[in-house]
Amino acid sequence: MTGRVLLSLALLTLAGPAWAEMPGTCRVAEHQIERDFALPHVMRAIAAKELEILVIGAGSSLLPGPNGAKNAYPARLQLALTELLPGVTVKLTTDVKSRRTAAQMVKGLVPTLAASKPALMIWQTGTVDAMQSIDTDQFKAALDHGISLAHSAGADVVLINAQYSPRTESMIALGAYAEIMRWVALQQEVPVFDRFSIMKLWADLGTFDLYSATKKLDIAERVHDCIGRLLANLVIESAKPDEPHTEGGRQEQ
Amino acid sequence: MAPVSTERDLRLDLFRGIALWLIFLDHIPSNAVSWITIRNYGFSDATEIFVFISGYTAAFVYGRAMRRHGFVVASARVLKRAWQIYIAHVFLFAIYLAEIAYVAHSFDNPLYTEEMGVLDFLQNPDVTILQALLLKFKPVNMDVLPLYIVLLLWFPPMLWLLLRAPSFALVSSALVYALTWWFDWSIPAYPNGVWVFNPFAWQLLFVFGAWCALGGAQRLSRWANSPVVIGLAAAYIVFAFCIAMTWYFPRLAVFVPHFVAEAIYPIDKTNLDVLRIVHFLSLAVITVWFVPRDWPRLQSRIFWPAIVCGQHSLEIFCLGVFLAFAGHFVFTEVSNRLLMHVIVSVAGIAIMVAVAAMVSWYKRVERQGPGPRPPSIKPGYAGGDA
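The listed protein sequences derive, respectively, from chains U and D.
Just so we're aligned: the first sequence equals residues 1 to 253 in the working numbering.
Just so we're aligned: the second sequence equals residues 254 to 639 in the working numbering.
Same shape as in the complex, but just chain U (with noise of 0.2 Å):
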């Protein structure tokens, strides 16, 4: 851990002008985003200026309340994409519901895909199987199948696992779920986008008290935010025609 906090102060230090629009607080964990495969429907869709996302999610992809979806990370991806790229038309659609397993995401995936059409399917998953400890395999299964059904469709997928939850830690065994979305990711050469890392990184250098027994909204509204800029990011710099995507390293300059 005082290895990943110390490499993440000097890559602060080291942060180009590309993450100018990016508050320090959520820059923090850049470090952490890989850009290992390349997205090339969404490169194509951001050639013809205009990108259509689906997020497809569970719980941890809203927010209560009457501003819930407007400060969800969702919404806040759309937004910082529409920012860094001009010009773009970014059009969002969500399936997002709390309490759903992958399997039970992709029940629904076909019609929902043949609706929106999009370029790019962000895909929020891991937290349910874990709380209810589905059989390993069928987790597997159902990802692999999402993914070949986004696919099919004409869309990239980006993984989103499950959130740092420190209070709950104790009661849900993400581990084997998490390796196994690591794992499909790397066979069917999609991003993750590694939530788990990012906000334990936070947690550990204090950047937000994710230990904190509170109704308020503040943090939550805060650490959703950062995760849609991140996000974007992620988007962008895997969508890049001209970088090579298997170095993944401004980091390494």
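There could be a bad hint or two in this list.
[To be verified] Result set (DSSO-like, lysine-lysine): computed pairs, CA atoms no more than 30 Å apart in a straight line:
| hint | chain 1 | residue 1 | chain 2 | residue 2 |
| --- | --- | --- | --- | --- |
| 1 | U | Lys215 | U | Lys97 |
| 2 | U | Lys49 | U | Lys70 |
| 3 | U | Lys97 | D | Lys389 |
| 4 | D | Lys389 | U | Lys107 |
Since the hints were made in silico from the structure, they are not lab data.
Based on the hints, put chain D in the right spot on chain U.
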């Protein structure tokens, strides 16, 4: 069959004690100190050490009982041990319920609405508690004791076979392991899925430990001490270390050839992946090479804390699970600074050692007890449990 030494091998207690400490450190979620534990540097972790040594000591203790007093008496003792472990498991479950009932009452955060759903089972305790008593509902990190119970229930016939035809017993255990992989045998869990540690697979390591205790270790020693085997073991440990580094530094993953990744992933802990067994065996070969049985240092004070913990493994294992709950509680309620991680980890191990010393003292006093009683246990194995 080769003659079996009657003196207890202190290395078993030493490494089981260390395994218990590592399990404790690993069980505190997000514990910064757990980066020192072996699971971060290779495929296997402390669970393998614990299961193997438990098999070894079970055969050592109950094998002697079976030779002296016959199958029925020895089996009765094994089953009594299984019952004790069951009671310990239920006791830990009660503590777990208390912890999460507290969290359910005191914690609220709009960021974690979804995650708090894990507490829903508190709303129907009738089902949950029954399923826990049936060992089908097992909270996080409470999977080792149920595995141990099943392994012991199965142990009397296995021990009988091991005493008569050790090689046949080991081969049949390996066959069960292979069939488990072939046919996907498993034990269902509640509400979904299967047991985190599949007993049909993990029995192999337990039986292998027992086989080693009953003369197998001597037969293997010629192999285990050959430079070729030691070299291969060292090479495999280095390989596993390099792969493990890619988990923490994803940037390194590009150096892992695609066919290697295809071959090794996913590394299945539930069914005791072959990669994990080989990693454990490699560690064992290297350890035995560095630490011979008659190593004089084993008697020294430095190793006493680990040895005394290893000698009372059930008590200390349960204490470790409890302390891990308590440690996580301190992180959430008091402080989550790095210093607190170190304090909790060190204090937890100190408590484990202190309690082990107390249990040791208490058992000695009980044995001396009022009135004359013939000493039933040899000094070399005093204080050791199965």
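Status of each hint after checking the structure:
Under the criterion of a C-alpha separation no larger than 30 Å, the hint pairing Lys215 (chain U) with Lys97 (chain U) is consistent with the structure, at around 21 Å. For the proposed pair Lys49 (chain U) and Lys70 (chain U), the alpha carbon gap of about 24 Å is at most 30 Å, so the pair holds. With a C-alpha separation of about 29 Å, the suggested pair Lys97 (chain U) and Lys389 (chain D) falls inside the 30 Å cut-off, and the hint holds. Taking the CA atoms of Lys389 (chain D) and Lys107 (chain U), the gap is near 28 Å; set against the 30 Å cutoff, the hint holds.
In this structure, none of the earlier numbered hints is contradicted; all agree with it.
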